[in-house]
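Q: Sequence:
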Amino acid sequence: MSMMKTYPLRQATHHGITAHEIRSPLAETTYGLREESACLLLLEAGRARVEGAARDMAVESPRFVWLAPGRGGALRLSPGSRGEMLQLSKGALARVLPASAFGDELSQVLRGDLSVPVGPERAQILRRLADLREELTGGAPGAEMMAGHILSLLLIQIWRGVKAGRQRPDVATGGLVQGFVQLAGLHLREHWQVGDYAAALGVSRDRLSDAVRRATGRAPQVWLHEALHREAAELLTNSGLQVAQVGFRLGFSDPAYFNRFFKRMEGVPPSRFRRRAARRSAPSTSYAAWP
Numbered sequence: 004m005s006m007m008k009t010y011p012l013r014q015a016t017h018h019g020i021t022a023h024e025i026r027s028p029l030a031e032t033t034y035g036l037r038e039e040s041a042c043l044l045l046l047e048a049g050r051a052r053v054e055g056a057a058r059d060m061a062v063e064s065p066r067f068v069w070l071a072p073g074r075g076g077a078l079r080l081s082p083g084s085r086g087e088m089l090q091l092s093k094g095a096l097a098r099v100l101p102a103s104a105f106g107d108e109l110s111q112v113l114r115g116d117l118s119v120p121v122g123p124e125r126a127q128i129l130r131r132l133a134d135l136r137e138e139l140t141g142g143a144p145g146a147e148m149m150a151g152h153i154l155s156l157l158l159i160q161i162w163r164g165v166k167a168g169r170q171r172p173d174v175a176t177g178g179l180v181q182g183f184v185q186l187a188g189l190h191l192r193e194h195w196q197v198g199d200y201a202a203a204l205g206v207s208r209d210r211l212s213d214a215v216r217r218a219t220g221r222a223p224q225v226w227l228h229e230a231l232h233r234e235a236a237e238l239l240t241n242s243g244l245q246v247a248q249v250g251f252r253l254g255f256s257d258p259a260y261f262n263r264f265f266k267r268m269e270g271v272p273p274s275r276f277r278r279r280a281a282r283r284s285a286p287s288t289s290y291a292a293w294p
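Residue numbers 4 to 294, in the working numbering, belong to the letters of the sequence shown in order.
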């Protein structure tokens, strides 16, 4: 994330984590969002608007917001906004996610943008964010491990907020489509139908479909299939799982069905896609590539 307007704030950076204390002046402040980074924002006071390739998101304080890598765009803060903000590289995020079934669920939730209300736990979250900033600047022994531990606690905190609201997300402030995206983060691999999402959100299927079409330009089922396709492509490219295991991880009980689904979305079977991805990432062995 690169600042488009600068103003005095306390900032600390270490191993792919940058922490800011936000004390906005009496003017709107805009931050550029880089696609390769994630952003964790606790908006204590004021308002914010997230704009970019994905749909816009309006944020009213107090709110805890997660912006997943790949979004891009800009974060606009209203005059007088206060809070704490973290920028995370993908490497920093990968280091703090546990290698366990829970870590897999947490990673799944964090693939989409999230916005959850903050209640009595606001003071605790602010304290943890301030402690993280101090660890990044203090240089004490074990600071990297301590910072990673605090960051893990913060990610679990936002996961708890999503879990608490998954039956009926905060539609009034977060938006119907945002509630749909949050639920998809939890139930995508269970292959919920559009009607299941509508029932969980307390609206009709037609109303949910209209809202998702207006916001994304896609029908909800198409959006869900594209999200599954993106996850499949990432696992095929970056994991050592066999093709059938990738399908099982994504909730496909029949490997042949997963193959047909992926070929319909990508145009080639998953095995061929993996071979192409491996060739693209393989280092060049030509003389021209030598230093």
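I should point out that these hints are in silico values taken from the structure, not numbers from a laboratory. Be careful, since some hints might not be right.
[To be verified] Restraint-style ranges between C-beta atoms, simulated for each label pair:
id : residue 1 : residue 2 : range
1  : HIS232    : GLU39     : 17 to 25 Å
2  : ALA77     : GLU229    : 33 to 41 Å
3  : ALA97     : ALA230    : 45 to 53 Å
4  : ALA97     : GLY145    : 17 to 25 Å
5  : SER103    : ALA247    : 38 to 46 Å
6  : ARG278    : ALA230    : 47 to 55 Å
7  : ALA259    : PRO123    : 16 to 24 Å
In this text the structure is predicted, and so the values were computed from the model without any measurement. Virtual Cβ for every residue (Gly too), placed ideally from N, Cα, C.
Q: Determine which of the earlier numbered hints do not hold for this structure and return their numbers in increasing order.
A: 2, 3, 5, 6 and 7
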